[in-house]
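Chemist: Residues per chain, in single letters:
Protein chains: 4
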Amino acid sequence: MGKIKVGVAGYGTIGQRLADGVAKQQDMELIGVADLAPTLAIRALKEKGMPYDLYLVDGADKSKFDELNIPVAGTFMDMLDKVDIVLDSSPGGIGAKNKEIYLKKGIKAIFQGGESNSVADVFFHGYANYEKGLNQDYLKLTSCNTTGLIRTVDCLDREFGIEKVAITIIRRVADPGDYHRGLTNALQIDKAPSHQAVDLMTIMPHIDATGILVHTPVTHGHIITVVATGKNKITKQQALDAFQKHPRIRVVRLADGFLGNASLFKYARDLGNPRGDMYEVGLWEDSIVESGNDIMYAINIPQESVTIPETIDAIRAAFALQGTREEGTAKTNEYLNIGKFK
Amino acid sequence: MGKIKVGVAGYGTIGQRLADGVAKQQDMELIGVADLAPTLAIRALKEKGMPYDLYLVDGADKSKFDELNIPVAGTFMDMLDKVDIVLDSSPGGIGAKNKEIYLKKGIKAIFQGGESNSVADVFFHGYANYEKGLNQDYLKLTSCNTTGLIRTVDCLDREFGIEKVAITIIRRVADPGDYHRGLTNALQIDKAPSHQAVDLMTIMPHIDATGILVHTPVTHGHIITVVATGKNKITKQQALDAFQKHPRIRVVRLADGFLGNASLFKYARDLGNPRGDMYEVGLWEDSIVESGNDIMYAINIPQESVTIPETIDAIRAAFALQGTREEGTAKTNEYLNIGKFK
Amino acid sequence: MGKIKVGVAGYGTIGQRLADGVAKQQDMELIGVADLAPTLAIRALKEKGMPYDLYLVDGADKSKFDELNIPVAGTFMDMLDKVDIVLDSSPGGIGAKNKEIYLKKGIKAIFQGGESNSVADVFFHGYANYEKGLNQDYLKLTSCNTTGLIRTVDCLDREFGIEKVAITIIRRVADPGDYHRGLTNALQIDKAPSHQAVDLMTIMPHIDATGILVHTPVTHGHIITVVATGKNKITKQQALDAFQKHPRIRVVRLADGFLGNASLFKYARDLGNPRGDMYEVGLWEDSIVESGNDIMYAINIPQESVTIPETIDAIRAAFALQGTREEGTAKTNEYLNIGKFK
Amino acid sequence: MGKIKVGVAGYGTIGQRLADGVAKQQDMELIGVADLAPTLAIRALKEKGMPYDLYLVDGADKSKFDELNIPVAGTFMDMLDKVDIVLDSSPGGIGAKNKEIYLKKGIKAIFQGGESNSVADVFFHGYANYEKGLNQDYLKLTSCNTTGLIRTVDCLDREFGIEKVAITIIRRVADPGDYHRGLTNALQIDKAPSHQAVDLMTIMPHIDATGILVHTPVTHGHIITVVATGKNKITKQQALDAFQKHPRIRVVRLADGFLGNASLFKYARDLGNPRGDMYEVGLWEDSIVESGNDIMYAINIPQESVTIPETIDAIRAAFALQGTREEGTAKTNEYLNIGKFK
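Protein chains in written order, with our numbering: chain A, 1 to 342; chain B, 1 to 342; chain C, 1 to 342; chain D, 1 to 342.
Since the hints were made in silico from the structure, they are not lab data.
Here the structure is a predicted model, which is why all the values come from computation and not from measurement.
Any given hint could be a false lead.
Below, a sample of chain B positions facing chain D; criterion: calculated Cβ distance under 10 Å [as the list claims (entries may be wrong)]:
id, residue
1, 38
2, 114
3, 116
4, 118
5, 174
6, 176
7, 181
8, 182
9, 188
10, 216
11, 218
12, 251
13, 255
14, 256
15, 319
16, 322
In this text, a Cβ means the ideal position worked out from N, Cα and C, and glycines have one as well.
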């Protein structure tokens, strides 16, 4: 099999990062990205010299791109003619409409967490249920919080067996640069249980999960506290050892200067990672506490980039590029340079 | 017995509210308040027409008060000569020094959560261990978060029996008007377990408690999520019924407009409560969820005012004004107008 | 003439404070307030024991009020039958529709800044153009920023003559308790010139004004910097003396603890003012600087309450209760207890 | 002359960016960076594979670096033996002490804005007074706000002649990742005039400047409004044309999606700039307004990176690599890729 040809629909916060991530996969070829309007992200693409071809979705006004001398490679349909699979990171609801087109064209697609579950054959997580995605045509990724959360719960579950989790999501309310949503000097609570707990149960049906979500006025990274009940007692050291081995979990310590979500963002910027992104979830060693059979800990979710590796895992599963979760995730990690620091 | 004569040491965020609270107790007499410098709070006291006498602690420069025409009733020692008990809300550490003076003068005292436990004979909570405070001389209140948390845990424990709690404290990082501390676009995590979980176990030693605390950039009201494990299954309805009956718990709903901590502050302002204070903790009906024997829920802690009722309970216990928790807290509630809305 | 009978349409942030302010005027009678739904403000009114009668506007579902045992005195039309004037603080746009009704009923009305200027005969400010409002039927108040700004510019203008102002509005983006709007870790700039500069020129047409507005993620009080160009040189001391004499300007100093907008909110809370409101604008003595004929200074606008006095001035003008700005504003100040601290 | 050998003292927020900037200059060689402790920035340097040599300053505990397998190339003194010039971005006050060493070693140095002016022979700005820095040994850069502000005022001054400026600095209170300083729901005002206005007059003594600074709870980019009084009338179009031509000023528009400081940070991230940095100041076309001879406008200062180009200009001046401001700044711009997008 030659390289898998990939297109990205929607060049927003997630779409940009998907395109960058795919471009690093040596067994994939990024055909291009599709969008509607000359947003800041598209203007930046132009200023960078168009590393990717740009296609225009239905409804786009090409003259606006021409005015700005932004080269256009064709229409969304033109892009679809060239790809094997689409990573659909369109605004919520558009993906479902796009699926009609994908079906007609016989193209696979992977949807992000904003779409309804019904759009896909499989609700997918690279570590928790890779095998369910094998040779499937339509997969939907878990949302950013759920993706990061499941990494850690799956990690404990495979090692020790987990029966129950109760989570508290301390959610960032907006992304950096957002002006259309925000919260000022307020914490906002959602109706419980949070969808992330419900979604975890869909992916890991043998676990009983519940949780509460509180929005907070910050932009870089959710923090989730997890109370996980083991089948048997799990000690802090056992949990720590398991987390340390996971390539997509970065264990950090207060004493080293990782004081909160902003430290992880700063660190990723200092690493020189494009956009200051991080693929790993942070997990504070100092947060791990035991209580009976419960183990409690706190993680940091870099909301803009955390789902990128699992989305690429999904491409691997969809084409059975690798047959097992170990092989699939390892290949993604290799190309994304994940876990090298360990 | 005549009215209990009460003095307040330290007219800061807590001291102001203690003075106001004592002034409403018909079986107590507020002798005055003591402080060091003409802070904004003292200037406001002057502008209000000096409803309370002001005494100056050691080190105060009286000439600064004279310049501003702020009447001074005497020294801290003068105040101590007139009181039966001091509510010590001095900055952390000063209370321990003051205790030497109280001992010499034979005066009782109640310390706030910032002092070390060793300053007091009893670590006190009006609902959880009122009887331990009976006829004691030196009592220390639990901190704001612990006070509110224990109200709800004690409420469930007395009704159903609680074995274990795991809490996540989403903490406000500063009070309104604070410029000496703050957090900007960051969540900050503390070493676990949080002291509030440890303190809960001191007050309620039969419960196993742990927890994680995350500071957030807001000023009005902590939110705490609680995972409480019952001896037996507790249903959402059972928990809700218990909470509804508690005078110092205000059950609220998202549908009524209580969307987060800022709604509760707004509501207290709209009620016309001085300073927009609220004595009750808020508890969201929509947050209560079950998971096995666990019941999970979220509460709001109005950090500036929540400890006032329990501090007044402590005066009642110290002089055995009422002999039981039911009678002691009921009297405080009556004079503070708590629970009337139920 | 007996007491002026006043109704308030819209019991939101401004309406609540208008009702409270009118209730303090000994020559006015508050007939009641009208609203649509059992908001938090209405629930608080109920919990306070209904100090004001409540009327329901068209479209209100009375059964919802009945469920909550909130007494309803009648319809909006019933209220209008009893009043001489309405303070219309309905959501923007509704006031214009209501005006049709007021015209039919022959009732005067005063609109808030959110309505278009065309709704009124006079664009009004108590200090700057009181006399223009005399015996008028429909007046519109300047917005919160413009009201406070004009107090200070008018103050300098009457004393020294002002030719030109350039303002920078550092705007609070939301009110305490707002969840429907907010800004997180961002400053947002509006198209210049800001409407406040334009409005100032409408009220004070002899002054050339321009300005830039930047939204900031805070909830308590705008800060405006003003560069005012005098006909002749104005010294810092001259400006300070003029500001000190103005009843609705509170001159504050950093050294006294007034470090920013949050200090003024804290101070108003400590004063015991209902809701922590303040009618005066704060003006920092430490901010006043000279540069040629320019004088530059910074003021604080308590956005929720600053327009209340000028709105009451407007009632006085509309009925010619007092014939001059000096008498009109003095009477409002007396009943609102403004300027007593000077 | 061979390549200028450059060392960086202090690998903090500014030091990191200076090192990156110097490394891009083809006529300079970065010898290394010196620091005290294994901060997050140093840990990131290690994880990146040590693109720069690291030297340890006096007082550093080498064993801590050894534990982390961070290679150390030598001591600060070792570094000084190899360099022609030091960019001193040590914490404020340390630079003055270091100067004694530089004098003894006969090494030139450039200090950042945090040091006192007396540490340097010249208070330097690449565009405003490049020639004053020629062949000087000790130069001090203007602070971030002053650097960006002067770019725009100098730009207008050279074209039209400026007599006077009044500025309002809407200051970000902390950098991303800061936990030791912050502000929560508050605006804080400083004693006027702000040092930036005073500093501008030191660099441009023919201009009368004053200003007010207000801290705001955000982390990405100050906004400054400038009221500049021309010798003659300056129209909006004239000012805009001048700004458009300046390589280090990026004119942006609301309609294009640049709604505030956060948009510029987002754009720099999307450009793939390391750390999401930007060397240019943003200037909103929509903010430019006229008022008599005054022109008013608003700029955005990316505080972490804005001084990098002018610091490199200072190296050019110190060694007279280029003899004029036009040549010096052009060479810096070329290597930093500044102004290419125009």
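Chemist: Compare the structure with each hint and give your call.
Modeler: To see whether the hints hold, each was checked on the structure:
At a threshold of 10 Å, the smallest CB-CB gap from residue 38 of chain B to chain D is about 20 Å, leaving the interface hint violated. Interface restraint check: residue 114 of chain B against chain D, minimum CB-CB distance 20 Å, threshold 10 Å, status violated. Interface restraint check for residue 116 of chain B: the shortest CB-CB distance to chain D comes to about 26 Å, outside 10 Å, so the restraint is violated. Hint status for residue 118 of chain B relative to chain D: violated, with the closest Cβ pair at about 30 Å, above 10 Å.
Taking 10 Å as the C-beta contact cut-off toward chain D, the hint placing residue 174 of chain B at the interface holds, the least distance being around 5 Å. Proximity of residue 176 of chain B to chain D holds as hinted, the smallest CB-CB distance being about 7 Å (cut-off 10 Å). Nearest Cβ of chain D to the Cβ of residue 181 of chain B: about 8 Å, under the 10 Å cut. The hint holds. Residue-level restraint check for residue 182 of chain B holds (minimum Cβ-Cβ distance to chain D is 4 Å; threshold 10 Å).
For residue 188 of chain B, the suggested interface contact is upheld, since its CB lies about 6 Å from the closest CB of chain D, less than 10 Å. Taking 10 Å as the C-beta cut-off, the interface hint given for residue 216 of chain B holds, the closest approach to chain D being about 9 Å. A cut of 10 Å between beta carbons decides the hint on residue 218 of chain B: the least distance to chain D is about 7 Å, and the hint holds. With its C-beta approaching chain D no nearer than about 27 Å, residue 251 of chain B sits outside the 10 Å limit, and its interface hint is violated.
At its closest, the beta carbon of residue 255 of chain B sits 27 Å from a beta carbon of chain D; the interface hint therefore is violated under the 10 Å criterion. Hint status for residue 256 of chain B relative to chain D: violated, with the closest Cβ pair at about 25 Å, above 10 Å. Annotation: residue 319 of chain B was flagged as interfacial toward chain D, and the flag is violated, the nearest CB pair being 40 Å apart, outside 10 Å. For residue 322 of chain B, the shortest C-beta to C-beta distance to chain D is roughly 40 Å, which exceeds 10 Å, and the interface hint is violated.
Of the numbered hints listed earlier, those contradicted by the structure are 1, 2, 3, 4, 12, 13, 14, 15 and 16.
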